[in-house]
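Please put together the full structure from these sequences, using the hints given.
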Amino acid sequence: MSTLITTVLAIIIITALGFLAAKEEHRLKSASVVFLVILLLSSSTLSTEWGRMTSELVDNDEDPHYGLPDLWDGKQAVCFHFPSDFAPSGLNDGRHHIDYDGTDFKTDENWNSTGACVGGFEGYEVGIDLLNAAVTATGDLFVLNASESSFGLFINTIAGVDPCDTHTCAEDFSSGAYWELLHNGAYSMLGISDLPLDSDSVITWQIATY
Amino acid sequence: MLFDAHAVALSPTEQFLLDTFIVSVAIASLIFTDDKNKSRNPGLIFVILAVLAISGRLLLDPIPNVQPVTFLIIMVGIYFGISYSIAFAAIVTMSSNVMLGHGLWTNYQIVAWALVGITAALLRSQFIQNEKLSIAKLAVFAGFSGFLFDWIVSLSILHTVDTSFFLIYLLNGLPFDLLHAAGNIALVAWFANPLSELITRHTSLTSQEAVPEVASN
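Protein chains in written order, with our numbering: chain A, 1 to 210; chain B, 211 to 427.
Quick caveat, the hints were computed from the structure, so don't treat them as lab data.
Hints should not be assumed to be uniformly reliable.
Claimed, not checked - With beta-carbon atoms standing in for the labels, derived distance ranges:
#: 1; chain 1: B; residue 1: F231; chain 2: A; residue 2: G102; range: 24 to 32 Å
#: 2; chain 1: A; residue 1: Y66; chain 2: B; residue 2: F386; range: 22 to 30 Å
#: 3; chain 1: B; residue 1: W361; chain 2: A; residue 2: L41; range: 21 to 29 Å
#: 4; chain 1: B; residue 1: I258; chain 2: A; residue 2: A21; range: 30 to 38 Å
All C-beta atoms, glycine included, are put in the ideal place defined by N, C-alpha and C.
So, in structure tokens, the structure goes:
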């Protein structure tokens, strides 16, 4: 929001300078060209920031892109869903939506889980690369603890949350909990290291029990 | 995800019938022109403006939502009247969409541009005062026309989504609409006066040629 206001103010100020700097008979010509050029140069930022703001107004339950903001239609995202008592600080009031540059722009308080989705990514072909991009975009928020196994990368904790802290895990492994990987809403038969992605893939991590 | 008329496929017959209707409207508009132009021969300048609009729209296609058609149709509306602006909208849109992509959305664009031209024609007396073009008023109208055109074309999404989504869709597109408006205002600021002079000179020359004695006296 602050970026949007800054951009709009910059456009207004530069256009006003373009208006005042010209002779009276050429002021409209000068200001209109300055306005158009500065608008074109900032159109990408302006559209992105405006899209983030208006996405708060969209509440489309039948959204085919897993309830994500329409800003991310056709783009890739990673969601981290935590049990409500175990969500990282600041993410326990619903599902937050964090853009590829780390901007938290929307909170869906009606979503049936807490945590965050990090999205707006494009061009990732393997799950692990998208996951790393999402973790990097959010700084230290979703630090991963993973170990290599014969089946590939195994996620032990996300943001310090161990599934066995949220559910009872038997010492003989007869029952327990783990970070489950979903790809486009369905249980993934492939590990994150080998998961091929679509252009609009949505990866979801959530705690499951067995 | 496609929301607008691009998502609606017409059968070849439906497309042909729509195209035939549009061409018929364009031809009829040229035949049944406004009375005030009957003694003149505005055909040449009209063709030049149409070529400018088509080539300009194609040339500026890489720049998002900045093109000269809206500005030119405003000028056509002011100087040539309602029927010419309807013809202009149909001819320019159909011709340029041969290159840019033709479909159901073409009809929305024609209707939107025709409405801009008709409104300009109806407001002619506001734009020309003491035989002089009011650039400030024209710039305001051109800016507004950018939004008007985009909003009318946006109606095409109602083919695929319900009305509850329409306002959100319009709101989302405001930065894009603003580019259209800014382009129109810049074109008015730079080219409205020279173009006005060109059109006036052309139409008055042809009028004089029709009655050479009056002109020589």
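Okay, the hints, checked on the actual structure:
Checked against the hint of 24 to 32 Å, the pair B:F231 and A:G102 fails, with Cβ atoms roughly 52 Å apart. The given range of 22 to 30 Å is respected by A:Y66 and B:F386, whose C-beta atoms sit roughly 26 Å from each other. The given range of 21 to 29 Å is respected by B:W361 and A:L41, whose C-beta atoms sit roughly 25 Å from each other. For B:I258 and A:A21, the hinted distance range of 30 to 38 Å is satisfied, since their beta carbons lie about 34 Å from each other.
Violated hint: 1 only; the structure is consistent with all others.
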